[in-house]
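*Asks:* So the sequence lines, in the order shown, correspond to chains A and B. Under the working numbering, the residues of the first sequence are numbered 1 to 430, in order. Under the working numbering, the residues of the second sequence are numbered 1 to 430, in order.
Simulated from the structure, these hints should not be mistaken for lab results. A few of these clues could be false.
Stated by the list, open to error - Within a straight-line C-alpha distance of at most 27 Å, the following computed DSSO-like cross-link-like pairs (lysine-lysine) qualify: (1) B/K51 <-> A/K25; (2) A/K423 <-> B/K25; (3) B/K7 <-> A/K200; (4) A/K270 <-> A/K217; (5) B/K43 <-> B/K270; (6) B/K200 <-> A/K114; (7) A/K25 <-> B/K25; (8) B/K7 <-> B/K286; (9) A/K105 <-> B/K200; (10) B/K270 <-> A/K309; (11) B/K51 <-> B/K200; (12) B/K217 <-> A/K217; (13) A/K290 <-> B/K423; (14) A/K25 <-> A/K114; (15) A/K99 <-> B/K105; (16) B/K25 <-> B/K43; (17) B/K7 <-> B/K270; (18) A/K114 <-> B/K99; (19) A/K99 <-> B/K290; (20) B/K25 <-> B/K51; (21) B/K423 <-> A/K217; (22) B/K200 <-> A/K217; (23) B/K423 <-> A/K286; (24) B/K270 <-> A/K7; (25) B/K114 <-> A/K200.
Claimed, not checked - Partial pick of chain B residues on the chain A-facing surface, computed with a CB cut under 10 Å: (26) K51; (27) F52; (28) V55; (29) N95; (30) W101; (31) P199; (32) A202; (33) Y246; (34) A255; (35) P361; (36) F373.
Predicted, not measured: the structure shown is a model, and the values here were computed from it. Here a beta-carbon is modelled for each residue, glycine too, at the ideal position from N, C-alpha and C.
Now for the letters of each chain:
Protein chains: 2
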Amino acid sequence: MKVITTKEFLNNFANQSPSEDTDRKIDQIVLEIIQQVRHSGDKALYEYTEKFDEVQLDQLAVTEEEFREADKQVSDSFRQALREAQQNIAEFHQNQMEKSWFVNKAPGVMLGQKVTPLEKVGVYIPGGKAAYPSSVLMNVIPARLAGVETVVITTPPQPDGSINPHVLVAAKEAGVDKVYKVGGAQAVAALAYGTETIPKTAKIVGPGNAFVARAKKWVYGDVAIDMIAGPSEICILADDTASPAYIAADLLSQAEHDEDARAICVTTSKSMADQVISEVRQQAAKLERKEIIDQSIEQHGSIILATNKEEAIHVVNTIAPEHLELMMENPQEELQYIKNAGAIFLGAYAPEPLGDYFAGPNHTLPTSGTAAFASPLGVYDFIKKSSIIQYSREALMQAASPIQTLAETEGLTAHSNAIQVRKDDSDAKA
Amino acid sequence: MKVITTKEFLNNFANQSPSEDTDRKIDQIVLEIIQQVRHSGDKALYEYTEKFDEVQLDQLAVTEEEFREADKQVSDSFRQALREAQQNIAEFHQNQMEKSWFVNKAPGVMLGQKVTPLEKVGVYIPGGKAAYPSSVLMNVIPARLAGVETVVITTPPQPDGSINPHVLVAAKEAGVDKVYKVGGAQAVAALAYGTETIPKTAKIVGPGNAFVARAKKWVYGDVAIDMIAGPSEICILADDTASPAYIAADLLSQAEHDEDARAICVTTSKSMADQVISEVRQQAAKLERKEIIDQSIEQHGSIILATNKEEAIHVVNTIAPEHLELMMENPQEELQYIKNAGAIFLGAYAPEPLGDYFAGPNHTLPTSGTAAFASPLGVYDFIKKSSIIQYSREALMQAASPIQTLAETEGLTAHSNAIQVRKDDSDAKA
Numbered sequence: 001m002k003v004i005t006t007k008e009f010l011n012n013f014a015n016q017s018p019s020e021d022t023d024r025k026i027d028q029i030v031l032e033i034i035q036q037v038r039h040s041g042d043k044a045l046y047e048y049t050e051k052f053d054e055v056q057l058d059q060l061a062v063t064e065e066e067f068r069e070a071d072k073q074v075s076d077s078f079r080q081a082l083r084e085a086q087q088n089i090a091e092f093h094q095n096q097m098e099k100s101w102f103v104n105k106a107p108g109v110m111l112g113q114k115v116t117p118l119e120k121v122g123v124y125i126p127g128g129k130a131a132y133p134s135s136v137l138m139n140v141i142p143a144r145l146a147g148v149e150t151v152v153i154t155t156p157p158q159p160d161g162s163i164n165p166h167v168l169v170a171a172k173e174a175g176v177d178k179v180y181k182v183g184g185a186q187a188v189a190a191l192a193y194g195t196e197t198i199p200k201t202a203k204i205v206g207p208g209n210a211f212v213a214r215a216k217k218w219v220y221g222d223v224a225i226d227m228i229a230g231p232s233e234i235c236i237l238a239d240d241t242a243s244p245a246y247i248a249a250d251l252l253s254q255a256e257h258d259e260d261a262r263a264i265c266v267t268t269s270k271s272m273a274d275q276v277i278s279e280v281r282q283q284a285a286k287l288e289r290k291e292i293i294d295q296s297i298e299q300h301g302s303i304i305l306a307t308n309k310e311e312a313i314h315v316v317n318t319i320a321p322e323h324l325e326l327m328m329e330n331p332q333e334e335l336q337y338i339k340n341a342g343a344i345f346l347g348a349y350a351p352e353p354l355g356d357y358f359a360g361p362n363h364t365l366p367t368s369g370t371a372a373f374a375s376p377l378g379v380y381d382f383i384k385k386s387s388i389i390q391y392s393r394e395a396l397m398q399a400a401s402p403i404q405t406l407a408e409t410e411g412l413t414a415h416s417n418a419i420q421v422r423k424d425d426s427d428a429k430a
Numbered sequence: 001m002k003v004i005t006t007k008e009f010l011n012n013f014a015n016q017s018p019s020e021d022t023d024r025k026i027d028q029i030v031l032e033i034i035q036q037v038r039h040s041g042d043k044a045l046y047e048y049t050e051k052f053d054e055v056q057l058d059q060l061a062v063t064e065e066e067f068r069e070a071d072k073q074v075s076d077s078f079r080q081a082l083r084e085a086q087q088n089i090a091e092f093h094q095n096q097m098e099k100s101w102f103v104n105k106a107p108g109v110m111l112g113q114k115v116t117p118l119e120k121v122g123v124y125i126p127g128g129k130a131a132y133p134s135s136v137l138m139n140v141i142p143a144r145l146a147g148v149e150t151v152v153i154t155t156p157p158q159p160d161g162s163i164n165p166h167v168l169v170a171a172k173e174a175g176v177d178k179v180y181k182v183g184g185a186q187a188v189a190a191l192a193y194g195t196e197t198i199p200k201t202a203k204i205v206g207p208g209n210a211f212v213a214r215a216k217k218w219v220y221g222d223v224a225i226d227m228i229a230g231p232s233e234i235c236i237l238a239d240d241t242a243s244p245a246y247i248a249a250d251l252l253s254q255a256e257h258d259e260d261a262r263a264i265c266v267t268t269s270k271s272m273a274d275q276v277i278s279e280v281r282q283q284a285a286k287l288e289r290k291e292i293i294d295q296s297i298e299q300h301g302s303i304i305l306a307t308n309k310e311e312a313i314h315v316v317n318t319i320a321p322e323h324l325e326l327m328m329e330n331p332q333e334e335l336q337y338i339k340n341a342g343a344i345f346l347g348a349y350a351p352e353p354l355g356d357y358f359a360g361p362n363h364t365l366p367t368s369g370t371a372a373f374a375s376p377l378g379v380y381d382f383i384k385k386s387s388i389i390q391y392s393r394e395a396l397m398q399a400a401s402p403i404q405t406l407a408e409t410e411g412l413t414a415h416s417n418a419i420q421v422r423k424d425d426s427d428a429k430a
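Chain A with its partners taken away, still in its complex shape (with noise of 0.2 Å):
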């Protein structure tokens, strides 16, 4: 892990390049995937899951009987835990429901925004070595919310073609309509287009490999995504208050995901530097995922010593980290200055994990600086709006001239034309 200056930082990132061209040799694939699905249907996804999971399927759907089965493997520690968090992410998302409003404008005139649950949303939940019954919840609590009507998961199968009993049951328990065996760019296209057995769907959410992430960039605009999520990143802010053993934990926590996350201390105290270095050094060493937290440390860990907090919390802004823990003496007080983080953990006792678990606010969050841009998945992600516009004759005669006058300086005279008509109807005078 090493400390780097300000400077240093804000020098390479500036040099940083998105990696927008550089995946080509993706996307031809993918869209080869994409344009079979859309031609093939359930025969695709088929031969596909054949091919990359090397599973031959009877079915694409979970049967009742699977349900039943992984209800049975799972311990009761876990099926309580689920609900605890179940019960708080549920509690946190309901803060998020917004309501259709109408106002009177002017006599005649009304106004208003219309709030509608998208019809149907296709969840994709990875699978492979890992399961995440954590990414359901947090995936489904917020669209159930919001009252989409059919909410589906599709996720790839194991290589005996089940899936795994955790996610099976945290689906059940946040009541999804129905649990699909495909993963990869296939379960993408067939949730945007739809197949014999996938319906197509309004929107697809949830997180995936660079195969699922690329897929997701080629169907926005023909359905909605929630984003592309890039690596994910932990970002510290920490004075001389802050508990070295507490941050390195809470790096290390982050640095176990994969290679590519980013772990990042930002601090004015070159001795809490030091000590973090040492505590990380000490704790990795005693961690299951040793070799992928430090490969993801030694590549992408940094300790940027900042001058000053004015200069820490301009690196924070810059970096617009997916998670951004206060470890400060006055966290809230410090919360003003931050612009750009995707969940904000406040003191000594919210570690990443609180909140990738547990407390209620979801863990999709915007990644690799998106967070300047880009929210939480939330209850907002399920809904759309409607404008609502409702005049009266004699309001929308006191309003045509400017109406005419805008649109004749814009050339579009069959616009004034609709003001006109109405002008000249005699009969509706009366």
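Dock chain B against chain A, hints included.
*Replies:* Just chain B now, with coordinates in the frame of chain A:
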């Protein structure tokens, strides 16, 4: 203008294939432009402006002198109409303002959501044949209300190097910081990555041609974008009480936009269908933009004859129109059945141009069926949210067991360690 049945419409609709992989040629040009702008900055902008707009510019930014000059060139009636529209737009969008919130969920537990405006926003305003001061207002006002610090416009210069004075006056009135004389994909690239003159922005909004739309799709992810706009459409749902003359006028106002615009009337009344067709023919003959209108109506205009109201409403929700007019006896009652529409105009005196220019709701709306998942442009497009989590030591200790259970289920043991380190810290237990 042809009359088709619901069944014919739905069959047609199901076979419509999204354009996703037909834009390769445009993509090649657009990707080359993006790369050049990222590499050469302003120099590339001057070169592309010379190549595409056939103007050699001395500087990119519109000067104060040019703003003053524009001010002299617009009429008082235009300025007056613009200000009335501006006030209505601001008043409507004020209803969309969102506040940060916090809850004390339990002793020692504080959760919340912080709302922060985007820092810099770029608005693309088309140039060429037409000028769109109304688009300036519709894009800039919600950004300003949201609290965006810097709002800049890019718009292609006219052959003499100037910008349409109505656009400049609207920009000044709406409080834009800078207007740059650059259009096309090069403008999008500049706003996405920054050049010596043009700031890198967090989000790019505003309409544009196919090159602008594809460029927005390509930079999406590195910056936010509003949407990828397709052809514009109107759908009028009319019962027996509607005026065929009004319907025709409103269909034509949509048709004059361009040859790809879609004007659709859905009705259960055969005689209404016949009368609308006759009115369209009569009114179109007298309109200035007759040529565009004829092409648009010929290619994309249709009247869908439904067998009953439920079927008619199903058609509307399937189209998910950008603009929907409910020309019905009790339009407010029908509103409950409308799931997908960008803006909904109720009754005989809410013609689309009222919404395009004046009433207050935004005229940047989801096109081409994207109203199934997207919303009108609004204040919510110019803010982002951060989750807030704060726990006391005691509250974290109570939550420790479920967090560790879930982390270990997912195999993320360093996550569990971040809790354990705090549990084991005997100093803190005091």
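*Asks:* Now, for every hint given, state plainly whether the structure supports it.
*Replies:* Hints, verified against the model:
1. Restraint check for B/K51 and A/K25: not satisfied, since their Cα atoms lie roughly 32 Å apart, outside the 27 Å limit.
2. For a cut-off of 27 Å, the pair hint linking A/K423 to B/K25 is broken: about 47 Å separates their Cα positions.
3. About 20 Å separates the Cα atoms of B/K7 and A/K200, which keeps this hinted pair within 27 Å; it holds.
4. About 42 Å separates the Cα atoms of A/K270 and A/K217, which puts this hinted pair outside 27 Å; it is violated.
5. Under the criterion of a C-alpha separation no larger than 27 Å, the hint pairing B/K43 with B/K270 is inconsistent with the structure, at around 60 Å.
6. For the hint linking B/K200 to A/K114, the alpha-carbon distance of about 34 Å lies beyond 27 Å, and the restraint is violated.
7. For a cut-off of 27 Å, the pair hint linking A/K25 to B/K25 stands: about 18 Å separates their Cα positions.
8. Between B/K7 and B/K286, the direct Cα distance comes to roughly 34 Å. Violation of the 27 Å bound is thereby established for this hinted pair.
9. Note on A/K105 and B/K200: the hinted pairing is violated, with a Cα-Cα distance of about 38 Å set against a maximum of 27 Å.
10. Under the criterion of a C-alpha separation no larger than 27 Å, the hint pairing B/K270 with A/K309 is inconsistent with the structure, at around 73 Å.
11. Of the supplied pair hints, the one linking B/K51 and B/K200 holds, its CA atoms being roughly 23 Å apart against a limit of 27 Å.
12. A threshold of 27 Å between alpha carbons decides the hint, and for B/K217 with A/K217 the separation of about 9 Å falls inside it, so the pair holds.
13. At roughly 22 Å between alpha-carbon atoms, A/K290 and B/K423 fall within 27 Å of each other, so this suggested pair holds.
14. Our distance criterion of 27 Å between C-alpha atoms is broken by A/K25 and A/K114, whose separation comes to about 43 Å.
15. With a C-alpha separation of about 23 Å, the suggested pairing of A/K99 with B/K105 holds against the 27 Å cut-off.
16. Distance restraint check for B/K25 and B/K43: the Cα-Cα separation of roughly 24 Å lies within the 27 Å cut-off, and the hinted pair is therefore satisfied.
17. In summary, the hint linking B/K7 to B/K270 is supported, as the alpha carbons are separated by about 16 Å, within the 27 Å threshold.
18. Pair hint A/K114 plus B/K99 holds up; C-alpha atoms about 20 Å apart against a cutoff of 27 Å.
19. Restraint check for A/K99 and B/K290: the C-alpha separation of about 43 Å exceeds 27 Å, so the hint is violated.
20. In summary, the hint linking B/K25 to B/K51 is supported, as the alpha carbons are separated by about 18 Å, within the 27 Å threshold.
21. With a CA separation close to 42 Å, the supplied pair B/K423 and A/K217 exceeds the 27 Å bound.
22. Straight-line distance between C-alpha atoms of B/K200 and A/K217 comes to about 22 Å, which keeps the hinted pair within the 27 Å bound.
23. Note on B/K423 and A/K286: the hinted pairing holds, with a Cα-Cα distance of about 17 Å set against a maximum of 27 Å.
24. Distance check on the hinted pair: B/K270 and A/K7 sit about 73 Å apart at the alpha-carbon level, beyond 27 Å; violated.
25. As the CA atoms of B/K114 and A/K200 are separated by approximately 34 Å, the hinted pair breaks the 27 Å bound.
26. Checking B/K51 against chain A: minimum C-beta separation of about 21 Å lies over 10 Å; hint violated.
27. The restraint placing B/F52 at the interface with chain A is violated, with a minimum CB-CB distance near 21 Å, outside the 10 Å limit.
28. Given the 10 Å rule on beta carbons, the hint for B/V55 is violated: about 22 Å separates it from the nearest Cβ of chain A.
29. Taking 10 Å as the C-beta cut-off, the interface hint given for B/N95 holds, the closest approach to chain A being about 6 Å.
30. A least Cβ separation of about 6 Å between B/W101 and chain A falls short of the 10 Å threshold, and the interface hint therefore holds.
31. Because the beta carbon of B/P199 sits about 13 Å from the nearest beta carbon in chain A, more than 10 Å, this interface hint is broken.
32. Annotation: B/A202 was flagged as interfacial toward chain A, and the flag holds, the nearest CB pair being 4 Å apart, inside 10 Å.
33. The beta carbon of B/Y246 is positioned within 10 Å of a beta carbon in chain A (closest approach about 6 Å), and the interface hint is therefore held.
34. The interface hint given for B/A255 holds, since its Cβ lies 7 Å from the closest Cβ of chain A, which is under the 10 Å cut-off.
35. A hinted interface residue such as B/P361 counts as satisfied when its beta carbon comes closer than 10 Å to some beta carbon of chain A; here the least separation is about 4 Å, so the hint holds.
36. Annotation: B/F373 was flagged as interfacial toward chain A, and the flag holds, the nearest CB pair being 4 Å apart, inside 10 Å.
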